[in-house]
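Novice: Residue strings, one per chain:
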Amino acid sequence: MIQVNGDPLEWTPGMTVRGVLRAKKYNFPLLVISIDGNQVQRADYDTTPVPDGAVVQVIHLLSGG
Amino acid sequence: MRQLKINLPKCDGGRNCEHECEEVCATKMFKLDDRSGAALHIEALADGQSSAILCDQCGDCVTVCPADALTRNKQGVVMIDKKLCVGCYMCIGFCEKGAFERNPGWLEPYKCTACGLCVKACPHAALEIVDVPVPAPRII
Amino acid sequence: MSHSEAGQTIIPCAVDYTQRTEYHEGLEAIRAAHRVLKETTFTPSLPQKGYNDRTLYVDLTTREIREKPVTQQMKDLFVGGRGFGLWQLWNAVTPGTRWNDPENEIIISPGPVAGITQYPGSGKSLVVSISPQTDIPIDSNVGGFFGPLLKFSGFDALELQGKSDRDVILFIDGQKGIIRIEDAPLDPVDSHVLGEILTRMYAEDEADRTNISVVCSGAAAEHSLIGMLNFTWWDKRRGCVRLKQAGRGGIGTVFRDKRIRALVCRGPVVKADMNHPVDFETLAKTGIKLHKEIRTLDDSQCKMRRNGTAHIVEIMDAYDLLPTHNFQYGSHKDTHQIASPVWEARCSQMTVDGCWYGCSMACAKGADGLVLKTGPYKGHMVTVDGPEYENAAGLGSNGGIFDPDYLLELNFYCDTYGICTITYGTLAAFTMECYQRGILNLERTGGLDLTWGNAEADLEMMHQMARGEGFGRIAGQGVKKMKELFIANGWGDPQLINDIGMEIKGLEYSQYLSKESLAQQGGYALTNKGPQHDEAWVIFMDMVNKQLPTFEDKAEALYYFPLFRTWFGLMGFCKLPWNDVAPADNSTTSEPAKIPEHVQNYLDLFTATTGIAIDRETMLMQSARVYNFQRIFNIRMGKGLRAHDLPPYRSVGPVTREEYESRAERYDKQMLEEIKVDPAGRTLDEKIAITREYRMARYSKLCDAVYARRGWTPDGVPTMARLKELGLDVLPELVAIVQAHGG
Chain A
275 MIQVNGDPLE WTPGMTVRGV LRAKKYNFPL LVISIDGNQV QRADYDTTPV
325 PDGAVVQVIH LLSGG
Chain B
47 MRQLKINLPK CDGGRNCEHE CEEVCATKMF KLDDRSGAAL HIEALADGQS
97 SAILCDQCGD CVTVCPADAL TRNKQGVVMI DKKLCVGCYM CIGFCEKGAF
147 ERNPGWLEPY KCTACGLCVK ACPHAALEIV DVPVPAPRII
Chain C
45 MSHSEAGQTI IPCAVDYTQR TEYHEGLEAI RAAHRVLKET TFTPSLPQKG
95 YNDRTLYVDL TTREIREKPV TQQMKDLFVG GRGFGLWQLW NAVTPGTRWN
145 DPENEIIISP GPVAGITQYP GSGKSLVVSI SPQTDIPIDS NVGGFFGPLL
195 KFSGFDALEL QGKSDRDVIL FIDGQKGIIR IEDAPLDPVD SHVLGEILTR
245 MYAEDEADRT NISVVCSGAA AEHSLIGMLN FTWWDKRRGC VRLKQAGRGG
295 IGTVFRDKRI RALVCRGPVV KADMNHPVDF ETLAKTGIKL HKEIRTLDDS
345 QCKMRRNGTA HIVEIMDAYD LLPTHNFQYG SHKDTHQIAS PVWEARCSQM
395 TVDGCWYGCS MACAKGADGL VLKTGPYKGH MVTVDGPEYE NAAGLGSNGG
445 IFDPDYLLEL NFYCDTYGIC TITYGTLAAF TMECYQRGIL NLERTGGLDL
495 TWGNAEADLE MMHQMARGEG FGRIAGQGVK KMKELFIANG WGDPQLINDI
545 GMEIKGLEYS QYLSKESLAQ QGGYALTNKG PQHDEAWVIF MDMVNKQLPT
595 FEDKAEALYY FPLFRTWFGL MGFCKLPWND VAPADNSTTS EPAKIPEHVQ
645 NYLDLFTATT GIAIDRETML MQSARVYNFQ RIFNIRMGKG LRAHDLPPYR
695 SVGPVTREEY ESRAERYDKQ MLEEIKVDPA GRTLDEKIAI TREYRMARYS
745 KLCDAVYARR GWTPDGVPTM ARLKELGLDV LPELVAIVQA HGG
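Residue numbers (my numbering), protein chains in the order written: chain A, 275 to 339; chain B, 47 to 186; chain C, 45 to 787.
Quick caveat, the hints were computed from the structure, so don't treat them as lab data.
Hints may contain errors.
Where chain B lies over chain C, by a calculated footprint (3+ residues, C-beta under 8 Å) [stated by the list, open to error]:
#, stretch
1, 318 to 331
2, 397 to 403
Derived, one-sided and incomplete: chain A residues facing chain C with beta-carbon distance under 7 Å [stated by the list, open to error]:
#, residue
3, Asn279
4, Gly280
5, Lys299
6, Pro303
7, Val306
8, His334
9, Leu335
Note that the Cβ used here is the ideal one computed from N, Cα and C, for glycine as well.
Please build the complete structure, drawing on both the sequences and the hints.
Specialist: Structure, rendered in structure tokens:
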């Protein structure tokens, strides 16, 4: 189990950042993502693994309205 | 269209020349004080090669200009009509080659007009004016 | 559907964007019928450091035209834009002034930085008036050329008072130094026609058209309370006028009630430095930096240049935040039919879509070649300005309409008829839900079958509004008055009707679902003008990022963001380039949500133009003065206290059984974890009531926290201490009002 913005999410082996975004349906274009406090750059979303038990923050930058 | 082209292997990057291309462009064409204001720039790279920034008349600036101040002349060269220019500098911002120039003393920016002065001046014959098809405008 | 990936070839729209139905055949006859009723001369001037130090006042009753000075106190306390507008309005009206009294004013004011050509989004104006919908001041922001051209003619604001006895055109010629009031007996009313004709009429030649901007409204503004103002700009590449809107609050209705047919400003040829800025180099460097940023990053961020604000349609749907069926739900299976890839293909992409020079964000997309299916212009081919997100959500999903051509047609007719798309979208959605629930029926609507998705009926309601007849006329009174009417007629349960009518103080909600975000409930309800999202848009911060867990966190956001966003409207800036693009390293800054590098850009631009030093603190002080002044103005006009900041329950929680059931898991979880009540064994109606009581109590707590943070009393009155802090205590009228209400 991992945490995403404080909410639990089922972990699967081989889960990447991109996988987390897909599972949460997060398609906002301007994101700031960190895993256990370490920032992940956009170019690395597909390749960065998310370990079991990780605390993930996906901050959506305001935009909109 | 008329286009300035550089043969980089022939270009010296200024190692054994006086940057005659930049000199003549800046001082004779644009009446500026020194070669830093030229509409082309050459540079010697650490590995012995050279790089150049110059306008290839791609026309991206024509697409973005909100005042329609940029048009192709009969030779296909992109020219600026200073009367229409509003000094927004979107041309400078959207030029991927960094080839649109600005002089802090002037409101209107400027660019290479494929005049050929630099071709004559280059001691390595690295520059030439060629005739190439006008590229299709692209979405940017 | 997702965005097209960066680098993917988009099939360009095959429509020839220079083709459309032309309207200028009758131009000469229209011109010949104009008679000059009043003419006066003035000395055109250009601003110095952003200010002309004078405004133009016109009394439409007496046809008096005179100049008024901009005082140092005006600049110190109100800066420009919205601040100037509110100040001039304050001095023009009394607490008893109604929107259609002659002393009500319409004031258009750009701001000291407006008109620079280097930085994206620098052509905006704020328009201020007493709103026919709310009876308090409305401030409405608008893009385009009119504000800068007005400034470069010589005026920091245009102040219109009185009422004309006949339809007139006010023409300000900033090249020749002439102001004329002309009567306009043959001129058309609808903006897409009138804007074309007047631009061609007042331009001396084709090249001069780019120096003309027209302000006008349309037929529906004459028969409704929801009229808006179109501000035109000449699109050289398309060869037609484009329309930007001062949309919210019904200012177009005031405009037509004053019998103004149009304002026309002819400015001098625009060059780079007409504000005579103190430090041009900083403007140039900062502008170029933003152009490069947009060039390299927009495609992988918000794709504003391709889609404008419509890029968030599918995003809102994915997050269950897209208003659907009158804000009942947050998504719909057909949203992909009106999502951004549709608009990327439909809107012409090789055009210049910035509404002022230098805007490389260029969000004003246009859909060309639409052949209209209905109404007085049926069969005509037109260019539609839009759709923006608010239009796609308001006219589209909120009404259950997912056909892009009908959506464009609804958008088009709102624009040309001079009514606000946001307002129309929300009121139409309200009528459709009333129809769904039997509050309205075919008899009561006069035959309009207002079922979800019935675009033809929706359009017919709009055409009726333009003709001033039928149910359309009733709908044009807005949600608040419809609620009152339907309740008075006994057409349905009063509580239900009040719950589902999405308005506060008389202004309809804009198109975001605040139901699950306490912070956004405050973002809409704790506003000056009414539920418009241009004060605080905090849904993601609250609901998704979970960055505002406590009441104090929410209060801090609802203190900061309204002030920050107010600042744009003092200056002449558009807020989109602030955060619809972000620098590549933004995520590494301490507060990425505030886009700190861009905030610094704006401070630099202000100082570079005016020479006045500013930092983040003084920026907020400038805003806070105007914001608190507006709050006190609201109190003065009778709607500025806590009782008026009350949201309809639809914006706070589930009103109906279907709504509760559509999110039952979420609501049951909240009941168990937060309310500490076990949902098991409770009936659906009990659960709805429990949730409602809890949520309204939370809203009330939020009010307490926000008012306190803003330096207001628990009743929402700015305190004397706050006034002193802001330096507003130099205005005795403000002190008197604050003290009379316990501030």
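Novice: Now tell me if each hint is right for this structure.
Specialist: Now for the hints, and whether the structure bears them out:
no. : hint       : in the structure
1   : 318 to 331 : holds (count 3)
2   : 397 to 403 : holds (count 4)
3   : Asn279     : 5 Å, holds
4   : Gly280     : 5 Å, holds
5   : Lys299     : 5 Å, holds
6   : Pro303     : 5 Å, holds
7   : Val306     : 4 Å, holds
8   : His334     : 4 Å, holds
9   : Leu335     : 6 Å, holds
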